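Colleague: Put chain A on the given structure of chain V with help from the hints.
Going down the list, the sequences are from chains V and A. So the first sequence is numbered by this note's numbering: it starts at 157 and just counts up by one. So the second sequence is numbered by this note's numbering: it starts at 157 and just counts up by one.
If you're looking for bench data, these hints aren't it; they were derived computationally from the structure. Some clues are possibly wrong.
Which copy? The list can't say, so a pair holds if one copy fits it or any two copies do.
[To be verified] With a straight-line cut-off of 25 Å between C-alpha atoms, the simulated DSS-like cross-links for lysine-lysine are: (1) 712 - 448; (2) 712 - 592; (3) 712 - 493; (4) 448 - 592; (5) 712 - 480; (6) 592 - 315; (7) 219 - 448; (8) 448 - 480; (9) 666 - 493.
Bear in mind the structure is a predicted one, so any value in this text is a computation, not a measurement.
There are 2 protein chains.
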Amino acid sequence: MDWQTLAKTKRDSVNALIPPSWRLPSPVPPAAEQRNVTGKYIQQFLSPREIEITETDAVGIVKQTTVGSWTALEVTEAFCHRAALAHQMVNCLHEIFFEAALSDARKMDEYYVKNGKPVGLLHGLPVSLKDQFHVKGVETTMGYVGWINTFQGTTGTGKERVFESELASTLRRLGAILYVKTSVPHTLMAGETMNNIITYTWNPTNRFLSCGGSSGGEGALISLKGSPVGFGTDIGGSIRVPAAFNGLYGIRPSSGRVPYEGMANSMDGQNTLLSVVGPLATSVGALKLVLKCVLSQEPWLRDPLVAEIPWRDEQENAVFDIVKAGGGGRLAFGIMKTDGAVNFHPPVRRAMDIVVKTVEKLGHRIVDWEPPCHQKGLDLVFQTWLFDGGTDIHAAFALSGEPMLGPIASAYGTLKEQYTASQIAAINIGKRAYQKEYMEYWNSTSALTGTGRPVDAVIAPIAPYAAARPDMDPVLSDDPTAKYSMPSFSTIVNLLDYSTSVLPVTRADKSIDVVDSGYTPQNSQDEVVHLAYDPEIYDGAHVAVQIIGRRFQEEKVLALTEILGDALENHQL
Amino acid sequence: MDWQTLAKTKRDSVNALIPPSWRLPSPVPPAAEQRNVTGKYIQQFLSPREIEITETDAVGIVKQTTVGSWTALEVTEAFCHRAALAHQMVNCLHEIFFEAALSDARKMDEYYVKNGKPVGLLHGLPVSLKDQFHVKGVETTMGYVGWINTFQGTTGTGKERVFESELASTLRRLGAILYVKTSVPHTLMAGETMNNIITYTWNPTNRFLSCGGSSGGEGALISLKGSPVGFGTDIGGSIRVPAAFNGLYGIRPSSGRVPYEGMANSMDGQNTLLSVVGPLATSVGALKLVLKCVLSQEPWLRDPLVAEIPWRDEQENAVFDIVKAGGGGRLAFGIMKTDGAVNFHPPVRRAMDIVVKTVEKLGHRIVDWEPPCHQKGLDLVFQTWLFDGGTDIHAAFALSGEPMLGPIASAYGTLKEQYTASQIAAINIGKRAYQKEYMEYWNSTSALTGTGRPVDAVIAPIAPYAAARPDMDPVLSDDPTAKYSMPSFSTIVNLLDYSTSVLPVTRADKSIDVVDSGYTPQNSQDEVVHLAYDPEIYDGAHVAVQIIGRRFQEEKVLALTEILGDALENHQL
Chain V
157 MDWQTLAKTK RDSVNALIPP SWRLPSPVPP AAEQRNVTGK YIQQFLSPRE
207 IEITETDAVG IVKQTTVGSW TALEVTEAFC HRAALAHQMV NCLHEIFFEA
257 ALSDARKMDE YYVKNGKPVG LLHGLPVSLK DQFHVKGVET TMGYVGWINT
307 FQGTTGTGKE RVFESELAST LRRLGAILYV KTSVPHTLMA GETMNNIITY
357 TWNPTNRFLS CGGSSGGEGA LISLKGSPVG FGTDIGGSIR VPAAFNGLYG
407 IRPSSGRVPY EGMANSMDGQ NTLLSVVGPL ATSVGALKLV LKCVLSQEPW
457 LRDPLVAEIP WRDEQENAVF DIVKAGGGGR LAFGIMKTDG AVNFHPPVRR
507 AMDIVVKTVE KLGHRIVDWE PPCHQKGLDL VFQTWLFDGG TDIHAAFALS
557 GEPMLGPIAS AYGTLKEQYT ASQIAAINIG KRAYQKEYME YWNSTSALTG
607 TGRPVDAVIA PIAPYAAARP DMDPVLSDDP TAKYSMPSFS TIVNLLDYST
657 SVLPVTRADK SIDVVDSGYT PQNSQDEVVH LAYDPEIYDG AHVAVQIIGR
707 RFQEEKVLAL TEILGDALEN HQL
Chain A
157 MDWQTLAKTK RDSVNALIPP SWRLPSPVPP AAEQRNVTGK YIQQFLSPRE
207 IEITETDAVG IVKQTTVGSW TALEVTEAFC HRAALAHQMV NCLHEIFFEA
257 ALSDARKMDE YYVKNGKPVG LLHGLPVSLK DQFHVKGVET TMGYVGWINT
307 FQGTTGTGKE RVFESELAST LRRLGAILYV KTSVPHTLMA GETMNNIITY
357 TWNPTNRFLS CGGSSGGEGA LISLKGSPVG FGTDIGGSIR VPAAFNGLYG
407 IRPSSGRVPY EGMANSMDGQ NTLLSVVGPL ATSVGALKLV LKCVLSQEPW
457 LRDPLVAEIP WRDEQENAVF DIVKAGGGGR LAFGIMKTDG AVNFHPPVRR
507 AMDIVVKTVE KLGHRIVDWE PPCHQKGLDL VFQTWLFDGG TDIHAAFALS
557 GEPMLGPIAS AYGTLKEQYT ASQIAAINIG KRAYQKEYME YWNSTSALTG
607 TGRPVDAVIA PIAPYAAARP DMDPVLSDDP TAKYSMPSFS TIVNLLDYST
657 SVLPVTRADK SIDVVDSGYT PQNSQDEVVH LAYDPEIYDG AHVAVQIIGR
707 RFQEEKVLAL TEILGDALEN HQL
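Chain V extracted, bound-state conformation (with noise of 0.2 Å):
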């Protein structure tokens, strides 16, 4: 079977999982007619208890499912149903499992009904996985056209829709309902979402624009509310690109505290860069929910990665207990308003001023942050990427000969020499040094904040641009013209393995993120960025900006983008 056959039997036997009575009447407009599939657009195929249910955050939900108030059954059709809308009107799932998950809703309830107690914290929540995760029942295809029907492209492994995820398992354990798996761009090595499979996962907020990548599908699924919550990947900003373009909160948590333990991947083995695993939701809480929960099931006797650090309420109220004190006592944040090379996009320069105004009137310190230069670490990181010199994406690639899409060919398109024992032992020590330089300028702003401490977080974009126009984001390209994006601000966070989570801000507005006109480009990649502007195009995408927080400071980070993301609530309609 070619792979055009083979992709196109995939992505048919797919939504043909959707059941009739969930099809879209009609498809959905072109985007300039129907820009945004969000909110009321999508709510009219729905009931008003559907869209209750789905509506209602992973918080309140288990609320109503461990209490018995809210059946697992009810909760589990209702987000099924959305997220078959969802995939209908954007593109964002790999897998449909809704038959599985109905099942496991209904054991839910009787379990319940027998015992008069949930199964677990999670009793009932739908949770949906980027399609890394192998999930019983299910395949991984990752996005490649070369893995349907195997599993990771080899076939009678024994493991094929049999093995699962560490990860997944746990998720169960704990009564979290599975039920899709969702779009990612092949390699994953993208901040946009498309494969040859689904083809394109665009924004459902602004389909003129990308949902990010790499965990896309899960961007775009949560942004519609076809899913409370949904763990994705980050080696490169894969988790917190998609949470900014789709409004969501998601978190980067260090590498080592939520198991990545049997996860497909791309150049697999390679270790100076680990991705790691985290969630997106619609709330700070929902996310802190699932995090605990996780831990709570000591993932460090799952997986031999995971560091035994036990959810820590003590590193949290600290936080609380610093802005409950108030006076003297006061947290401080360290504000990167440039990276140096580009102006960033009347969207995020405006969003970064909200958050700074509100940082100030709630009375807590600024730093201007001027760290190590990120340039010499994003060196790297690409250095990094490219130590198999492309070999496993070949390989993934020359199992069904299906091409290398846009952004992915740029970077990966010609197989390169492979690095040497030495050589990536010198990229270790590097990326070793830059961390210790940026954790002593880290330490040293302890004399600049007035609290005693050094700054508590760091506040920065994410990008330079508000949702990224299809096509124009590749990672990795030898012609540095060819790239609007500037990881500058995602990627490095990687390197230095900080836990960093999203907080959504503000919106594009046309009326007020005007051109900056008679701006003068300083140099080649900012005048891509700057004519990549178009306030038309751009209006109504989300923008968010990043709270980086130092490693395995995930509660901290969590506690700081809850008070931030209250404090700023008005403003992230």
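Modeller: Structure of chain A alone, referenced to chain V:
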């Protein structure tokens, strides 16, 4: 200058730092006449007061120094004197900086008098460091002639004799006194300690034998009580082997618990299997003291690879609570009696028997430990150590033209091809899979222990013999018959990243530990091991076992070691 002259000049310059009054009146008699230079032998050169001080463990010392009953100066002087004697007996020092130490001690005393309180929790405690630590004022050769008068082989870095490793500075902040750096095998990749500068470090308890390695100088020095506690490193057994061979307690913490930042290393940048730093001492209490103190300094703010895990009293107390509860609440230990390949020497078998009987007498549970094949794991480790084909090591030898000594030459003599990124990735995946398999085996023992938990720790030998005989222990060799060591027990721990302590058990006794006459070796390696046992030569050698805990369970492992150590006390003399 040729390497011989350079090495001799260095050796002489270090020896010249021993004050004339501390020089031995005549060379130590040969081993045949004076096998054991510890205890009474070395005491003859010390005053009663010096003996009192140096035979007090680290906990006892800080009890005196932190309340001002002993001055830092008298404690430092006593240990400097004893270390000087130790070095003259077994060649255990690479760097001597008594003057700087005495000056630091005087400042400590002045601080105490002025402020009425100690500088820190380790006020006035002499701490010895393996010659991988950079310490202000002295150089780091790591046993390489080519590193003399350089910073890690390079001149003009500005770091020579100025730069300090993070842990060295941390210890200073705590009030510790640094005074010597101890010997290592060049390359660090050997279980015995020899290089072209100090030649060979002998086992002070039995000078026919090796002191172990690579933290061999630490083992020898602390065994002679020329240091109450010191820090070594361990990538394949290098803390545990010298601790065991010298009748000491030691712990290999999991990677990321204790700061390694700024240390010299061999094959730096290989990050599949990281070397870790940890203490050796004359008591469990001393290990706990220094680890707890180091963690109190929040090393995760100084070393980007340290995880934010403070000392956890609760983990330690959980163990003591189980013991106190008695009755059904018991501990459970896995016992590893064989590696399936070689028959242990009689003293090692007896040591294991003593420990098992002790555990049973205490009422704890015993489970036969039958884990995944260790050889499979070791194959991964040995590949890791050859990633760069010997490039780093050859470069270090080329600096001076000095030759590789026996065990090193057999492993690294021939420069080999480097591993590629894909090959390294495959090893990383293999390692993770092995760790997971081992983890699941460990989890599975909950069905066997009767405690409701998996085993609390595993008790295993460190090697099939007590201390090694010189030149018989190449860690890596193309010729399997060239080695009589089996890193089956020591090195597997590094692959698994388990927190593992050494518990001294007994000493070889020629009247009890007789040769297995008529024994038929099962294979060539078993034959080499069998033939190496000579009760006359081994008489008096220390024998120890390991207490192997899971990852990041340092507190638990030390608690278990304390409990078993207390119960074994009468065997350890």
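Colleague: Can you name, in rising order, the numbers of the hints this structure does not satisfy?
Modeller: Hint check: nothing fails, all pass.
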